[in-house]
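Participant: So the chains spell out like this:
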Amino acid sequence: MDKSRVIDLLKRIIADDLDLNIGYDQIDDAASFLEDGLALDSISMAEFINLLEGRFQIRILDEDLETATFRSLDSVAALVQSRMAERACEVEA
Amino acid sequence: MSAAERAPRFDRDWTDALAGSAGTVHLGGEAVSVQALLARGRAGWQAHAAYRFPALRGIGDIDLLSLLLAAIVDRRPALLCAAEAVAPAACDGTIGTAAGTVTAVAADAHERSPAAGEYGRYPDGLAVLSSGTLGAPKIIWHDPHDLLATSALAMQRLGLCAHDRVLVTVPLHHMYGLGAALIPALLAGAQVHLLPKANLLSFNEALRTAAPTWVYSTPHLLRTLVQRKHSPISDNCSLVLAGDGIPAPLHEHAQRIFQRVFDLYGSSELGVIAISGANRPQTLHPLDGVRVFPAEAGAEQARLIVRHPHAATHIAHADGLVAVPPAWDTRDIAVFHDDGGFAIQGRADLSLNRAGKLLVLADLERAIMGWPGVEIAVAIALDEDAAAGKAIAAVIQPSSPALTVDTLKQHAANTLPAFARPDRYLLAAELPRLGSGKPDRNTITKDYQRHG
Chain A
1 MDKSRVIDLL
11 KRIIADDLDL
21 NIGYDQIDDA
31 ASFLEDGLAL
41 DSISMAEFIN
51 LLEGRFQIRI
61 LDEDLETATF
71 RSLDSVAALV
81 QSRMAERACE
91 VEA
Chain B
1001 MSAAERAPRF
1011 DRDWTDALAG
1021 SAGTVHLGGE
1031 AVSVQALLAR
1041 GRAGWQAHAA
1051 YRFPALRGIG
1061 DIDLLSLLLA
1071 AIVDRRPALL
1081 CAAEAVAPAA
1091 CDGTIGTAAG
1101 TVTAVAADAH
1111 ERSPAAGEYG
1121 RYPDGLAVLS
1131 SGTLGAPKII
1141 WHDPHDLLAT
1151 SALAMQRLGL
1161 CAHDRVLVTV
1171 PLHHMYGLGA
1181 ALIPALLAGA
1191 QVHLLPKANL
1201 LSFNEALRTA
1211 APTWVYSTPH
1221 LLRTLVQRKH
1231 SPISDNCSLV
1241 LAGDGIPAPL
1251 HEHAQRIFQR
1261 VFDLYGSSEL
1271 GVIAISGANR
1281 PQTLHPLDGV
1291 RVFPAEAGAE
1301 QARLIVRHPH
1311 AATHIAHADG
1321 LVAVPPAWDT
1331 RDIAVFHDDG
1341 GFAIQGRADL
1351 SLNRAGKLLV
1361 LADLERAIMG
1371 WPGVEIAVAI
1381 ALDEDAAAGK
1391 AIAAVIQPSS
1401 PALTVDTLKQ
1411 HAANTLPAFA
1421 RPDRYLLAAE
1431 LPRLGSGKPD
1441 RNTITKDYQR
1451 HG
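Top to bottom, those sequences are chains A and B.
1 is the number of the first residue of the first sequence in my numbering; add one for each residue after it.
1001 is the number of the first residue of the second sequence in my numbering; add one for each residue after it.
None of these hints come from the bench; they were simulated from the model.
Please note that a few of the clues may not be correct.
Derived coverage of chain B by chain A (criterion: at least 3 residues anywhere in the stretch with Cβ under 8 Å from a Cβ of chain A; other residues may be distant) [unchecked claim]:
| hint | region |
| --- | --- |
| 1 | 1193–1199 |
| 2 | 1227–1234 |
Some chain B residues well away from chain A (every beta-carbon gap over 10 Å; in silico) [claimed, not checked]:
| hint | residue |
| --- | --- |
| 3 | 1294 |
| 4 | 1357 |
| 5 | 1411 |
Where is the CB? At the ideal position from N, CA and C, for every residue including glycine.
Same shape as in the complex, but just chain B (with noise of 0.2 Å):
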């Protein structure tokens, strides 16, 4: 289904803002205008004309930006992917391999992605394909009227101008960097300086060259950057925090060195849906126009469904390809307040009933890792019974080299009401972490039923 043959549009149509943008983007040593990007994407595609859906590979440099920017203003149909990723068999071209060169798609690309073909005409718009951290990777499209619309709306509730440095560490091949972070920033009409492959060196010299005032990070990423700062990095540096499992000690200090602090939550399918207010991570609320609600009525605490006016438009995934529902089920698990917002424990599915009551493990690695001597924990349901119910086990990768198990007992036991105490704890020197820098559950849940 194209744009135009969707539902008529009231809503305003942010693509001449995005094309008519003051902003400037920052990478890799460039300095580049959005309508010199534009222009160098738009002589970009003619020189990739003969593809219909390309991939474009890891947007690590001007000209995979240049087109990302192109496709969007101009509605050209691309897929982006991280630079690893294998390009899925619906694409008819990758864009952006090592040396920045096109390739036809490998014949050995169609074993995560539906065929090419098998679903007919696929969707018009900028596809992104997920990540595959809670299960199969998926192709979502979304139409770009959408995606600019929902930008806005962040843009808008941050508070984002055109006398900001926006600093970017996070990829912008996923809805976060691009949707949250890039595009919002262009609208404003803001710098952007862009750090595809951040770490303390690159962060340093960014917040030295280009004294930002918005820095966008995820936990995991952020530790890393700022585990050696204890002091206000600027008087005017607000902080943009997105992903699970961000610990309260970890949030105490990203608000020591940043002025604000801001959770967002979205997803790949939706975009943003809710951004908390400045230093208060307790409560989520959702942007203009979305609505969320329990999925049963009524309920404190349950799955969260959205109804988000700019959600995806179609998946791709092994069963097919579907349209995305009106009201979207996140499988996260949400307490609501009164006040319409929200706080998101964790994943429905890494949730279970323990003595009556329900335990997100989310929500109990959030509390471990608030121990002293905790770097990483991870919450693992057993398959046994204990007093409780499942059995939960607790992996643990020390910051320090004094705690022991014991310790984790005692601090269990001051802490955590007895239907949350884990069961068993292993300490482990080094946790395995996926790419994004996040534990790697399968593995560690894989590790630690083989060896225990």
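Chain A with its partners taken away, still in its complex shape (with noise of 0.2 Å):
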């Protein structure tokens, strides 16, 4: 999957699955999940990372939940691609 249809389902996910009241034409490709943008919550980054990895049947792992990656949509979508690539070798093997 290349990296624009994964941001275009991260933002799908933005403004249908997360309580943001925020639409899909409102979200930036460089929007930051952190204070100075969309400002996830406690509860809304829980659900962000539980949604990303059954949409994209990826694990997320605790080494991936940092402040640098959720810094933009496209590292998010960065991290997404690097899990699907992992995973598409476990499925060869």
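Assemble the dimeric complex from its two separately framed chains, guided by the hints.
Facilitator: Shown next, in the form of structure tokens:
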């Protein structure tokens, strides 16, 4: 899955599944999940991670949960792609 | 009434211990010693000298924290409230708006609290604005001497020391964060790491960078912070939990992750009242000098009355300014143990008589949250009769899509006595919550009554 498709799905999750009152069109590709952007609280952040895992069939590890990764949709998309690639390798093996 | 006008004190004054603390606070990328905080706070108060009783709104940065500590040490009146709170009209200024600036109190800020001058002279001391989750917000005044004394008792009971690194994930404008976490840790000379808006990311980073030996949290916050963890975060990290509705599975999960888990019970009016033994949530033990007893003498289960030597001095609410009585009715139902300990079951106003037995709704909710597939449960007493008495509905947010009403009924039949079984169940994908993360009981009840 290419990055633009991942970003599109991330926006769908944020707009449709999180209780943030923000529309798909209002989410910038560079949007941060932190205080300076979408400002996800503890509950929304936990929900978002769970949704990521379910929607992309990946496992987000504890060490993935870093502020730097969640500074933009782009970097979260990169993480998702990385985990999807790992999963594909595991399936092939 | 000023602190000097109260009865002479014979107990230790911990003010010097706080002022001389070797502790350091880590917040927002800064690490500042208590000495530096006090110097910064005193300079800050000079700049705000015109304010007699300002609101410190949202203690989320070093400047606000400095003012808070200086107010405690120098006994300067101030009120603590949440960042989003409307400053009460009793305050003549607000410090800590979005840009950290000072503003005069807005003209429309009179709707929720007593008007300035209504009671003549206000008490001295540090005041907190209760969250209002149990009714209208109240202003509660604490003598700093007593705040520090209770904090010292909590420090001693938990065994906090200068080698500790204490991670505080709860807000400092509540007595839990202030009087149970921050001040005890500073009195011990510990390193204190503050996470005013904790989430999975900031919590994980704090675990890595601070390697805390203590974490303070609430059940609702902890659930989101540790749900992905299944092994101990270190071999030397203890957890302090405070708040109602700690279901057994969450406690068991916490005990797998933390070396020791302590339950803490307290209130905005009294501060810390009791703390459990490590990994023994069933029994709370009062702090030294605190006396607890049932509202009905000799009862094993009754409303909990507390005599606290360091309680708040005054409370202002819609009916006026009152002195805190020596025996405080917590309005919680407790079960009293022979050894002097007790266990909290839930709020008295959320309990009812069913088939001749007292059913505390919080107790029922905890039991339901122990069932597989249940994330959150809120029990509601309905205005209609059922076989056992007043009917009860359980509104449930599932953690598993496989959960059905039939499954819930089966769990109830297997685990609950007949008088405690809900008459109705409603599954809700997402229950409304308060800012604290607790389920918004009022909204859930209204929604249920409106739509069923």
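Participant: Do at least three Cβ atoms from the region 1227–1234 of chain B come closer than 8 Å to Cβ atoms of chain A?
Facilitator: holds (count 3)
Participant: Confirm or reject the statement that residue 1357(B) sits farther than 10 Å, beta carbon to beta carbon, from all of chain A.
Facilitator: holds, 35 Å
Participant: Closer than 8 Å, Cβ to Cβ, for at least three residues: run that test on the region 1193–1199 of chain B against chain A and report holds or violated.
Facilitator: Satisfied; 3 residues make the cut.
Participant: Are all C-beta atoms of chain A more than 10 Å from that of residue 1294(B)?
Facilitator: Check passes; 37 Å lies beyond 10 Å.
Participant: For residue 1411(B), is the shortest CB-to-CB distance to chain A above 10 Å, so the non-interface label stands?
Facilitator: holds, 23 Å
Every hint, counting from the list given before, is met by this structure.
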